[in-house]
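Participant: From first to last, the protein sequence lines are chains A and B. For the record, in the first sequence the residue sitting at position 288 is 288 according to the working numbering, with numbers rising by one throughout. For the record, in the second sequence the residue sitting at position 200 is 200 according to the working numbering, with numbers rising by one throughout.
Treat the hints with caution; some may be incorrect.
The list treats identical chains as interchangeable, and a pair is accepted whether it falls inside one copy or across any two copies.
Below, computed lysine to aspartate or glutamate pairings styled on DMTMM-like, alpha-carbon distance capped at 20 Å [said to hold, decoys possible]:
{"id": "1", "residue 1": "Lys79", "residue 2": "Glu192"}
{"id": "2", "residue 1": "Lys79", "residue 2": "Asp186"}
{"id": "3", "residue 1": "Lys79", "residue 2": "Asp251"}
{"id": "4", "residue 1": "Lys79", "residue 2": "Asp105"}
{"id": "5", "residue 1": "Lys291", "residue 2": "Glu150"}
{"id": "6", "residue 1": "Lys79", "residue 2": "Asp266"}
{"id": "7", "residue 1": "Lys291", "residue 2": "Asp143"}
Hints in this document: simulated from the structure, not taken from any laboratory. Note that this is a predicted model, so its numbers are computed, not measured.
Protein chains: 2
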Amino acid sequence: MRRQECTLIAGLFLALRFTAHAAEIPEPPTTAASVLAQSTASDWRRPDPENLLCLDFDRGRVVMELDPRLAPRHVANVKALVREGYFNGIPIVRVQDNYVVQWGDPDAADPAKARPISRAQRQLPAELEFGLPEGVRFSPLPDGDLYAPEVGFLDGIPIARDPGSGLCWPIHSYGMLGAGRDDALDSGGGTELYVVNGQAPRHLDRNVTLFGRVIQGMELLSALPRGTAPMGFYATPAERIPIRSLRVAADLPEPERPRLEILRTDTATFRRWVEARRNRREPWFHRAAGKIDISNLPIPIRTPPP
Amino acid sequence: MRRQECTLIAGLFLALRFTAHAAEIPEPPTTAASVLAQSTASDWRRPDPENLLCLDFDRGRVVMELDPRLAPRHVANVKALVREGYFNGIPIVRVQDNYVVQWGDPDAADPAKARPISRAQRQLPAELEFGLPEGVRFSPLPDGDLYAPEVGFLDGIPIARDPGSGLCWPIHSYGMLGAGRDDALDSGGGTELYVVNGQAPRHLDRNVTLFGRVIQGMELLSALPRGTAPMGFYATPAERIPIRSLRVAADLPEPERPRLEILRTDTATFRRWVEARRNRREPWFHRAAGKIDISNLPIPIRTPPP
Numbered sequence: 001m002r003r004q005e006c007t008l009i010a011g012l013f014l015a016l017r018f019t020a021h022a023a024e025i026p027e028p029p030t031t032a033a034s035v036l037a038q039s040t041a042s043d044w045r046r047p048d049p050e051n052l053l054c055l056d057f058d059r060g061r062v063v064m065e066l067d068p069r070l071a072p073r074h075v076a077n078v079k080a081l082v083r084e085g086y087f088n089g090i091p092i093v094r095v096q097d098n099y100v101v102q103w104g105d106p107d108a109a110d111p112a113k114a115r116p117i118s119r120a121q122r123q124l125p126a127e128l129e130f131g132l133p134e135g136v137r138f139s140p141l142p143d144g145d146l147y148a149p150e151v152g153f154l155d156g157i158p159i160a161r162d163p164g165s166g167l168c169w170p171i172h173s174y175g176m177l178g179a180g181r182d183d184a185l186d187s188g189g190g191t192e193l194y195v196v197n198g199q200a201p202r203h204l205d206r207n208v209t210l211f212g213r214v215i216q217g218m219e220l221l222s223a224l225p226r227g228t229a230p231m232g233f234y235a236t237p238a239e240r241i242p243i244r245s246l247r248v249a250a251d252l253p254e255p256e257r258p259r260l261e262i263l264r265t266d267t268a269t270f271r272r273w274v275e276a277r278r279n280r281r282e283p284w285f286h287r288a289a290g291k292i293d294i295s296n297l298p299i300p301i302r303t304p305p306p
Numbered sequence: 001m002r003r004q005e006c007t008l009i010a011g012l013f014l015a016l017r018f019t020a021h022a023a024e025i026p027e028p029p030t031t032a033a034s035v036l037a038q039s040t041a042s043d044w045r046r047p048d049p050e051n052l053l054c055l056d057f058d059r060g061r062v063v064m065e066l067d068p069r070l071a072p073r074h075v076a077n078v079k080a081l082v083r084e085g086y087f088n089g090i091p092i093v094r095v096q097d098n099y100v101v102q103w104g105d106p107d108a109a110d111p112a113k114a115r116p117i118s119r120a121q122r123q124l125p126a127e128l129e130f131g132l133p134e135g136v137r138f139s140p141l142p143d144g145d146l147y148a149p150e151v152g153f154l155d156g157i158p159i160a161r162d163p164g165s166g167l168c169w170p171i172h173s174y175g176m177l178g179a180g181r182d183d184a185l186d187s188g189g190g191t192e193l194y195v196v197n198g199q200a201p202r203h204l205d206r207n208v209t210l211f212g213r214v215i216q217g218m219e220l221l222s223a224l225p226r227g228t229a230p231m232g233f234y235a236t237p238a239e240r241i242p243i244r245s246l247r248v249a250a251d252l253p254e255p256e257r258p259r260l261e262i263l264r265t266d267t268a269t270f271r272r273w274v275e276a277r278r279n280r281r282e283p284w285f286h287r288a289a290g291k292i293d294i295s296n297l298p299i300p301i302r303t304p305p306p
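This is chain A alone, in the form it adopts within the complex:
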């Protein structure tokens, strides 16, 4: 028994030495950065400008990608609201630390003062679950999840799936975009929007409609001063942060549209990137976790190479 072990170990040493010799220069360990450096053009996708929202305010621009598959009626309604200029001049009214940033009409509850809506809906039933579109294969992450039976990505959106029913739902991770509501499930609809700005509040999953996520400029929302009134609302109107405009990228002149590419999440490159994040091999790390939580995989974005 002992002897056999020794032989095996010697064999391993030889194999390692041979590999190192064959490559001449030892290969650097696979890191998330090296996976991205080796990616090819087909590992990246350009988001459809029809599904990109540009929020412009004093601090800069926040870009959000909508996914109609998660909540088709909400995406259509939010775009309708955006296109009738509903959000232009609407302020950020709430920044709760380690929870959410929220914007909406502060007078929405007062029929005399509420901002008018011409063609869009004011309210919609919540859209909490969806079926995977025909032909889309779901690849669960290898380490499971504390809250859901399976989790993975749908074009960069973190989602959970019940393998029994096949139903999926989006996950409340950092940067996810949703439609605020009151107590009733049909009291939202998209006039009040929120973005997760902290530890994934997974207890919100399937309680409120998510339909997209921030893909650029999140650091502008996350650095906003926190509100001091209950639930992080700004205590005075003067503290509210006006949004100059919220627009669909497709409606902007070509040069003003965001030029971005997002790492595809259905490729071998993505699986290698996840593996590099599960087991960090950068020299700083002395212990690899060997695990990854879905909310700890911020999907890479880049400006397309010329």
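Using the hints, position chain B against chain A.
Facilitator: Here is chain B on its own, set in the frame of chain A:
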């Protein structure tokens, strides 16, 4: 079989009706807020001013509680550095979105310009694991963890435990305080400190020394502008945010010390509070998660009642 089931169900209805009748007004559902409202003085503890750090800067005060049980040499060394005024005037040099805020001497690598240290150590071996002190009982959270075999709290500090070896380690959750280091495990020591400002970076667990956490004023650190240089460092010295002073609360005149109480995490009240966070019963929620991640339990703090 069927019949017996019916009898049981009828019995349940009666029991429910009797309870409702006996209470006259139906009892409101147990929420995190109602658990705290029913807490008694003994559910709260006052932190030892000898283990509280007060970081004062232009935006206000951040209060951190140190726990020498996690990393005794680091806590002693950080307090020694604090007491020789090492951090007074030192700036916040790095704010990486959804990761860490960090402060330290920007000239530390240059022996000619590095801020001098008189009695404290510049470097210490990392302290990554610890044994539970005699008499401390560990109560794991009911839902487990993705990264560690068991997780729970030690006086408000989120920790993991290996039931085999009995060894524990602190968890990188929002607000946790650690000592930055270079690649070598003994290259830290407390001259450069960091606080987690986003989704729990659990891959750092047992790679770097944690020794306390922010208990008040976290929203001042989390709202700082993000650095634009690699790893979130501020690109220019002008962007750095000077710390006016970092002091041990015990060294402040009594009226200037923080007056705070922290919910004990070894009580029945705490277990009820965890249960109320696992299953939200506030009227807004239509679905209770039935699960909780350790990093989603921000331990309540209050100003002591008069």
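Participant: Next, verify each hint and record whether it holds.
Facilitator: Now the hints, each set against the structure:
1. In this assembly of identical chains, lysine 79 and glutamate 192 lie within 20 Å of each other by CA distance solely inside one copy; the values are 13 Å within and 46 Å between copies.
2. Taking the shortest Cα distances, lysine 79 and aspartate 186 sit within 20 Å of each other inside one copy (18 Å), while across copies they are farther apart (54 Å).
3. In this homomeric assembly, lysine 79 and aspartate 251 come within 20 Å of each other (Cα to Cα) only inside a single copy, at 11 Å, whereas the closest approach across copies is 57 Å.
4. For a Cα distance limit of 20 Å, the shortest separation of lysine 79 from aspartate 105 inside one copy, 17 Å, qualifies, whereas the shortest one across copies, 48 Å, does not.
5. Taking the shortest Cα distances, lysine 291 and glutamate 150 sit within 20 Å of each other both inside one copy (15 Å) and across copies (15 Å).
6. Within a single copy, lysine 79 and aspartate 266 get their C-alpha atoms no closer than 27 Å, and across copies no closer than 49 Å, so neither meets the 20 Å cut-off.
7. In the homo-oligomer, the alpha carbons of lysine 291 and aspartate 143 lie at most 20 Å apart both inside one protomer (6 Å) and across protomers (17 Å), since each shortest distance falls under that limit.
Hint check: a violation occurs at hint 6 only; the rest are consistent with the structure.
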